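Participant: Below are the chains, spelled out letter by letter.
2 protein chains.
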Amino acid sequence: MADLPATGPADALLDDPMIGDVSEGRVLRTILSRTPAGDFSVVGPGDDAAVIAAPSGSVVATTDTLVEGPDFRAAWSGGYDLGWKSAAVNLADIAAMGARPTALLVALAVPKDRRLSFIAALADGLRDACAALAPGCAVVGGDLTVSATLTIAVTALGDLEGRAPVLRSGARIGDDVAIAGEMGVAGHGLSVLFRRFHPDGVAVPVVPSALAEGEADAIAAQLRPAPPIGLGPVAAVAGATAMMDVSDGLALDAGRMAEASDVTIALDRSALGAHPHRALAGGEDHALLATFPAGALPPGFRRIGSVVPPVRGASVLCDGEPVGPFGWDPYRDGGADAR
Amino acid sequence: MADLPATGPADALLDDPMIGDVSEGRVLRTILSRTPAGDFSVVGPGDDAAVIAAPSGSVVATTDTLVEGPDFRAAWSGGYDLGWKSAAVNLADIAAMGARPTALLVALAVPKDRRLSFIAALADGLRDACAALAPGCAVVGGDLTVSATLTIAVTALGDLEGRAPVLRSGARIGDDVAIAGEMGVAGHGLSVLFRRFHPDGVAVPVVPSALAEGEADAIAAQLRPAPPIGLGPVAAVAGATAMMDVSDGLALDAGRMAEASDVTIALDRSALGAHPHRALAGGEDHALLATFPAGALPPGFRRIGSVVPPVRGASVLCDGEPVGPFGWDPYRDGGADAR
Chain A
73 MADLPATGPA DALLDDPMIG DVSEGRVLRT ILSRTPAGDF SVVGPGDDAA VIAAPSGSVV
133 ATTDTLVEGP DFRAAWSGGY DLGWKSAAVN LADIAAMGAR PTALLVALAV PKDRRLSFIA
193 ALADGLRDAC AALAPGCAVV GGDLTVSATL TIAVTALGDL EGRAPVLRSG ARIGDDVAIA
253 GEMGVAGHGL SVLFRRFHPD GVAVPVVPSA LAEGEADAIA AQLRPAPPIG LGPVAAVAGA
313 TAMMDVSDGL ALDAGRMAEA SDVTIALDRS ALGAHPHRAL AGGEDHALLA TFPAGALPPG
373 FRRIGSVVPP VRGASVLCDG EPVGPFGWDP YRDGGADAR
Chain B
73 MADLPATGPA DALLDDPMIG DVSEGRVLRT ILSRTPAGDF SVVGPGDDAA VIAAPSGSVV
133 ATTDTLVEGP DFRAAWSGGY DLGWKSAAVN LADIAAMGAR PTALLVALAV PKDRRLSFIA
193 ALADGLRDAC AALAPGCAVV GGDLTVSATL TIAVTALGDL EGRAPVLRSG ARIGDDVAIA
253 GEMGVAGHGL SVLFRRFHPD GVAVPVVPSA LAEGEADAIA AQLRPAPPIG LGPVAAVAGA
313 TAMMDVSDGL ALDAGRMAEA SDVTIALDRS ALGAHPHRAL AGGEDHALLA TFPAGALPPG
373 FRRIGSVVPP VRGASVLCDG EPVGPFGWDP YRDGGADAR
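Protein chains in written order, with the working numbering: chain A, 73 to 411; chain B, 73 to 411.
Calculated from the structure, these hints are not laboratory results.
On a predicted model such as this, the values are computed, not experimentally measured, just so you know.
Some clues are possibly wrong.
To be verified - Under 7 Å between C-beta atoms, here's a sample of chain A residues computed to sit facing chain B: (1) V115; (2) G129; (3) V131; (4) T134; (5) A168; (6) A220; (7) R240; (8) G242; (9) I245.
The beta carbon of each residue, even a glycine, is placed where N, CA and C say it ideally should be.
Can you build the whole structure from these sequences, using the hints too?
Facilitator: Have a look at this one:
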């Protein structure tokens, strides 16, 4: 976490009023003063809609929402973290199509008693995630409303730069299976949060001095994931036959790719790092999982297995043994308000 | 309300489970089986992101959210109404740029105890609003999560068909000011709901037999607005110099256009219908307010005033008298949970 800007009250907000006590105009100015125009913005915020360049004649679009409770805890995630993560998870979906992210639209529903500094930090996180992960992409529009439940719905747009989209369904027998980005680190961070900072089923703030080696980095990976967005287009140029981002763990997501492609994905346990179980079960790193013609991996991707003919009842194998489609979501499975 | 399909339990949902008790897959199938592909869908739902045609090399994008409490009451709005309205308000923002709507992305955050039939009706409303208001536009993607607060965040995309976008800031002195669509009807419907069906500050279901003439239509306009989406591109082709949709009432929104254009908008009271005050104060009809070179109004638009040199302190005049930027939002101003 040390290499990222601190979460905290933002500049020029010394009075720091509650959202319910300020005009919508001031809230919007707080956001817009922090989110510069991007390379693709033709008409930015302030009109009925934004206009974004779509040079290749199509647009890639995805939406993903973070809701307090099922998706995050305020005790663990500050405004900056939430802005960063809500951008990152959507940028990863654009990259996973082989596209370059061009714009974000942000729908915020915020409790009246949240402070304006929270919104400012959220805008900083959105901006910094775009700058770090997808330069040229920017917030072009949004919507603001009050709500009893803090909700951040981001829509990301992207451009294919003339290429065909890379779908989940294109994996071919004989392809190499490869990954770019972390596997299981963000999931480990979430398990640390639930084991250490969730007494009696209630989230409490993280105490950095209580963390063992590697745990701080794992928590940072959970709260502010940094998927390799730029490698999505790289994979497409290199001839990726299928691609998706790993949001629910390698076992579950590789199974989805295998089923969409009518193949089986055979993973090599030795390629899954020091903690293969974490890699298989842990989601939210938003690594890019892709298949390539054998031997054609571009830089940034590492081989973790191969595509084999479909095996009945086993869409994913690890060292030849079937892997169940397990995945772990403690927000829903073990949290205080389990689904 | 009589000419629209009834809201109610949808077909093939005889068991009608709660959202918290069914798989995400079943919920998604319930939605997708009701929302056909559109004319612009290249890659539809099911992959990391959708791909939508953007033939003119840019894309128009907007997002608008409906939150239970500040934006609607469950006692008044069923799933069908909410699907319809969440589509309509976003389509109007696309039309107001002079663009043709091409696609919707829908982020749903739903309490666990809502029934699957509610989601089915919402999908029906989204589909029918697209079919009725913007043929060819369709739901191309979305996101589903649980939340304590029902929240519907829709993003709409559109294509300019080679034209320049029509901004709020282009009104020129001497232009005619014109409107397409209703003024003040939806606002009247909302006031009927609050006056008649909100005893002790709590919303109760509408009793049709209790309604006076016109009130049923006004409530329908509030719950299922039908803005003239197709007239957005018509206005652009005809040379509209400025355009926006009227969501907060003519006084407030004409004032925004006047300020963005550095002019004053002079309205003729006689052109504002039988209830000028309703037209000035009542929002949510999402009529299209536009300015055109004098005498150049296209069919579907009617003249309501003219653009005059800026008058200090009066961005909107009505019969020569300054109109304050008033608007009435009883959800926030007079509702049980007033902001």
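Participant: Each of the hints needs a verdict: does it hold here or not?
Facilitator: So, going through the hints one by one against the coordinates:
no. : hint : result
1   : V115 : 6 Å, holds
2   : G129 : 6 Å, holds
3   : V131 : 4 Å, holds
4   : T134 : 4 Å, holds
5   : A168 : 4 Å, holds
6   : A220 : 5 Å, holds
7   : R240 : 6 Å, holds
8   : G242 : 11 Å, violated
9   : I245 : 21 Å, violated
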